[in-house]
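For this one, chain A is given, so just place chain B with the ligands on it according to the hints.
Going down the list, the sequences are from chains A and B. In terms of my numbering, the first sequence has 30 at position 30, counting the first letter as 1, and numbering is strictly consecutive. In terms of my numbering, the second sequence has 104 at position 104, counting the first letter as 1, and numbering is strictly consecutive.
Please keep in mind that the hints were generated in silico from the structure rather than gathered at the bench. None of the values given here were measured: they were computed from a predicted structure. Even glycine gets a Cβ: it sits at the ideal position worked out from N, Cα and C. The reader is advised that the hints may include incorrect statements.
[As the list claims (entries may be wrong)] Where chain A lies over chain B, by a calculated footprint (3+ residues, C-beta under 8 angstroms):
(1) 12–20
(2) 50–59
[Claimed, not checked] The calculated lysine-lysine pairs, modelled on PhoX-like cross-linking and capped at a C-alpha distance of 25 angstroms, are:
(3) A:LYS344 with B:LYS126
(4) B:LYS118 with A:LYS5
(5) A:LYS4 with B:LYS49
(6) A:LYS36 with B:LYS49
(7) A:LYS5 with B:LYS116
(8) B:LYS149 with B:LYS162
(9) A:LYS312 with B:LYS118
(10) A:LYS414 with B:LYS116
(11) A:LYS4 with B:LYS149
(12) A:LYS4 with B:LYS126
(13) B:LYS6 with A:LYS369
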Amino acid sequence: MAVKKDLSIEYLGVKCENPFFLSSSPVGSNYEMVAKSFEEGWGGVFYKTIGIFVADECSPRFDQVNKEGLPWVGFKNMEQISDKPTELNFENMAKLKRDYPDKVMVSSIMGSTEDEWKELARMSEQAGADLIEGNFSCPQMTSHAMGSDVGTNVELLEKYSKAVTSVTKIPFIAKMTPNITSMEIAGRAAVKGGSKGLSATNTYKSITNIDLENLTAMPVVNGKSSISGYSGAAIKPISLRFVAQCLQDPELKNIPFSGIGGIETWRDALEFILLGCRNIQVTTAIMQYGYRIVEDMASGLSHWMDERGFDKIDQFVGAALPNIIPAEALDRDFRLLPKFDTNKCVGCGRCYVSCYDGAHQAINWNEKKRIPELDDDKCVGCHLCLNVCPVQNCIVPGDIIFKKGRKRHPIKAKQQYE
Amino acid sequence: MSKVLKGTYNQEAVSGFDHRTAMEEAARCLLCHDAPCSQGCPAGTDPGKFIRSIRFRNPKGAAETIRENNILGASCARVCPYDNLCEEACSRCGIDRPIEIGKLQRYAMEQEKIFKMKILTPPSKKIKKHVACIGAGPASLAVAAELAKVGVKVTVFDNNPKAGGVLSYGITSARLPQKVVDQDVAAVKGLGVKFELSKEIGLNIDVNEMLEKKDYDAIFIGTGLWESKKLGIEGEQSLGVVSSIDFLRYAKDRKGVDFIKGQRVLVIGGGDVAMDCASAAVLSGAASTAIWYRRTIAEAPAQIAEIEYVTKLGVGITTGYAPTKITGSSDGLWVEFLGRDGKSTANVNVDCLVTAIGQVPRDHSNFLPGNIDAKGDIIAKKDGSTKIKGVFAAGDIVNGGKTVVEAVAGGKIAAAEILKYLGVEV
Ligand SMILES: Cc1cc2nc3c(=O)[nH]c(=O)nc-3n(C[C@H](O)[C@H](O)[C@H](O)COP(=O)(O)OP(=O)(O)OC[C@H]3O[C@@H](n4cnc5c(N)ncnc54)[C@H](O)[C@@H]3O)c2cc1C
Ligand SMILES: Cc1cc2nc3c(=O)[nH]c(=O)nc-3n(C[C@H](O)[C@H](O)[C@H](O)COP(=O)(O)O)c2cc1C
Ligand code: SF4
Ligand code: SF4
Chain A
1 MAVKKDLSIE
11 YLGVKCENPF
21 FLSSSPVGSN
31 YEMVAKSFEE
41 GWGGVFYKTI
51 GIFVADECSP
61 RFDQVNKEGL
71 PWVGFKNMEQ
81 ISDKPTELNF
91 ENMAKLKRDY
101 PDKVMVSSIM
111 GSTEDEWKEL
121 ARMSEQAGAD
131 LIEGNFSCPQ
141 MTSHAMGSDV
151 GTNVELLEKY
161 SKAVTSVTKI
171 PFIAKMTPNI
181 TSMEIAGRAA
191 VKGGSKGLSA
201 TNTYKSITNI
211 DLENLTAMPV
221 VNGKSSISGY
231 SGAAIKPISL
241 RFVAQCLQDP
251 ELKNIPFSGI
261 GGIETWRDAL
271 EFILLGCRNI
281 QVTTAIMQYG
291 YRIVEDMASG
301 LSHWMDERGF
311 DKIDQFVGAA
321 LPNIIPAEAL
331 DRDFRLLPKF
341 DTNKCVGCGR
351 CYVSCYDGAH
361 QAINWNEKKR
371 IPELDDDKCV
381 GCHLCLNVCP
391 VQNCIVPGDI
401 IFKKGRKRHP
411 IKAKQQYE
Chain B
1 MSKVLKGTYN
11 QEAVSGFDHR
21 TAMEEAARCL
31 LCHDAPCSQG
41 CPAGTDPGKF
51 IRSIRFRNPK
61 GAAETIRENN
71 ILGASCARVC
81 PYDNLCEEAC
91 SRCGIDRPIE
101 IGKLQRYAME
111 QEKIFKMKIL
121 TPPSKKIKKH
131 VACIGAGPAS
141 LAVAAELAKV
151 GVKVTVFDNN
161 PKAGGVLSYG
171 ITSARLPQKV
181 VDQDVAAVKG
191 LGVKFELSKE
201 IGLNIDVNEM
211 LEKKDYDAIF
221 IGTGLWESKK
231 LGIEGEQSLG
241 VVSSIDFLRY
251 AKDRKGVDFI
261 KGQRVLVIGG
271 GDVAMDCASA
281 AVLSGAASTA
291 IWYRRTIAEA
301 PAQIAEIEYV
311 TKLGVGITTG
321 YAPTKITGSS
331 DGLWVEFLGR
341 DGKSTANVNV
351 DCLVTAIGQV
361 PRDHSNFLPG
371 NIDAKGDIIA
381 KKDGSTKIKG
391 VFAAGDIVNG
401 GKTVVEAVAG
411 GKIAAAEILK
421 YLGVEV
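Okay, chain A solo, but in the shape it has when bound (with noise of 0.2 angstroms):
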């Protein structure tokens, strides 16, 4: 039968049946949503930020930025926080946590002044909420009292942290902003002001493309446009370099983190986990996929569990971390040379023109045979070669030569590309 892990964790004190869950958004905004992505699998919901400001939104409001037919790369929104009256909110999240007690209710909320963010924290434990999230960082507030302009200002991270955290006891997560040079230092703020959770991130101001119809940005507002948020796929490789910095700082290493960006299968999820996150939070490929993914996620990450011989979740969470390390401390002794599978290769010359065009020179083009020949001594390395080949598995890491006078010692190489 399938593989089924044990996958429950938990998340600031609370069990979560796995650390799937939905992201504050559109994805999780009413009773019927959030229920039927319980109803598939999810562990639980990050409800669709609540204000006491209520948001007017505009149309349309979405773009997507997409690469030689690959829809979806990334994805922008013009969203503010829930344009549902708040009674209307609670009272969903009270009905859903009445229905689904074994699923995770967490009330996400966004206010414009400490008493604001008291009221918020108070209508949350009222509702039954079992952790809050702060919306320090929604990129296209109406209003610089709210929002990413809040998440880069220490000052008040510490101020309204404090104001939830002094009303209540429920744990309280600062979902942090991308739009910042150094995330740590804001996430010291929060944690200082009471949070006990950090999440990141929301998404990233960005213009995805520019309308040559309209001359302006899309998507187009009444031939108008804004900067907003940038989030989906194209955004992981960044969120993850934010989550490994916050969990590497020194005062918010064992912050509980909940990663979120750009999270699409099980091995998204799973890179999150590895550096430290204990929970995962997804909303663009929810959008774009449905919430069905959650059924691959969890049957993919048990499938890795089982070939690794892992129980629990807990036996892996920040397993990568103590490996990312400063540029300085890297190993720069050796030439790590690329192997040729010349049976494998097609003679489409690319790394040829790549290494050539973009590197070193160090491939020679054999017109005859149509392969390629490398020049050991030219070759530093660089891997372009293998990055830019269009066959699985063609060229692949091959000898080590170590630079001249130094040591020869262990390298460990990857193996396995796909």
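The following block gives chain B with the ligands in isolation, referenced to the frame of chain A:
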């Protein structure tokens, strides 16, 4: 000069996907709601779900979906007529061309093998019932797997030394390598099903006795069609005339038809079987291979993909001619044909004539009296039950000869009915 396909009998006709190309193809899938491809599969293999698993980087999950739904998932991936099943139903047809579902299924089943996955295991709870399946073809294997999954004891009998039915003794290795059939059979064995091979019911064992002695709580018959139809013309007994069944079996057993090397071969028929005979002849090194069929290509029962395949191998197909007489001579066989118009004639000189005009059941009347129709097929209801209590049947022996996936579908339905009959709750 036309460039024809080259190959040998044991060389696979089509190569499969690797991770990267599988992902490229899966990325074309529209991930449809209520996926029409899934509805297009008679056996309920659920391509919509397994393609989604591939797309979301979970090939092992894909293998699980296939194996759990279709015990012959690996073989079906190679031989199903997708172009009138799942791929015809594919929504992507409305944009350009369907997803290559069969090839993605093959990729997923290759992962099962590579990772030595044991997807189906016998349940801990055993049920004290014993069912005999006669024949080890797709229909019986499907019944056996479904019953074993819930803990029923199953014994499968087959007159051949290998399980698989047509998969092991008919379809050519170029299209369906034996290792793929063995992979499917291993999944059935992994469920604890017992195989009694080289045991012919009615010869070594009497089915009526089986019923009377009550050794078995139910009996399933999936014996298929193993008698070649005769041309019914003069000279049919001549040396050099072989039936498709004997020809293909010989090829499977000896990895090619050695005696055909350098010979001129003529195949009569217009179904998949005729196409397989023709490709087996070409791939075994025949000097020339031709198919003669009495009707048109449009009327031919063969999958268009198979007709394309033999054409690419360089086989010529002549339509609208039926053989009327065969004469053996010192320079081979002379085969006379009459055109559909009743006037045109042809007289063709070849070394070997393969008859592939259809298959009928062996005589089953002794063990299922009153349940046999005029064609010799077993009469069974849609749910697989026959007039005899406790005896069920499905697959080619009931439907007169269709496809592997329909035999699996029939087997799954019959298994559900058998469980009902045995009073097993699932
Ligand atoms: C050459 C050829 C090519 C084909 N190509 C395709 C294709 O490309 N795609 C496709 O979907 N379908 C194809 N088919 C059809 C497909 O193979 C059949 O529909 C399918 O195998 C039927 O399964 P079955 O279990 O009913 O019978 P079978 O596969 O015929 O299995 C029946 C088994 O029962 C055994 N048996 C019979 N009588 C007894 C007895 N008395 N005691 C013990 N054992 C017995 C037989 O020896 C055999 O092993 C092809 C068929 C042939 C002949
Ligand atoms: C349409 C849309 C609306 C969003 N609304 C909110 C919100 O109300 N509150 C919030 O904290 N984040 C909001 N987000 C940000 C997401 O929760 C998430 O942090 C971000 O999209 C990155 O994750 P992803 O790549 O999985 O989408 C929104 C994102 C999108 C695309
Ligand atoms: S990029 Fe790959 S396939 Fe193309 S020539 Fe180079 S090695 Fe061969
Ligand atoms: S019908 Fe086609 S496009 Fe739709 S899910 Fe199935 S394979 Fe994909």
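Now the hints, each set against the structure:
no. : hint                   : verdict
1   : 12–20                  : holds (count 3)
2   : 50–59                  : holds (count 5)
3   : A:LYS344 with B:LYS126 : violated, 50 angstroms
4   : B:LYS118 with A:LYS5   : holds, 16 angstroms
5   : A:LYS4 with B:LYS49    : holds, 17 angstroms
6   : A:LYS36 with B:LYS49   : holds, 18 angstroms
7   : A:LYS5 with B:LYS116   : holds, 19 angstroms
8   : B:LYS149 with B:LYS162 : holds, 22 angstroms
9   : A:LYS312 with B:LYS118 : holds, 22 angstroms
10  : A:LYS414 with B:LYS116 : holds, 23 angstroms
11  : A:LYS4 with B:LYS149   : holds, 18 angstroms
12  : A:LYS4 with B:LYS126   : holds, 22 angstroms
13  : B:LYS6 with A:LYS369   : holds, 23 angstroms
Violated hints amount to a single one, hint 3; each of the other numbered hints is respected by the structure.
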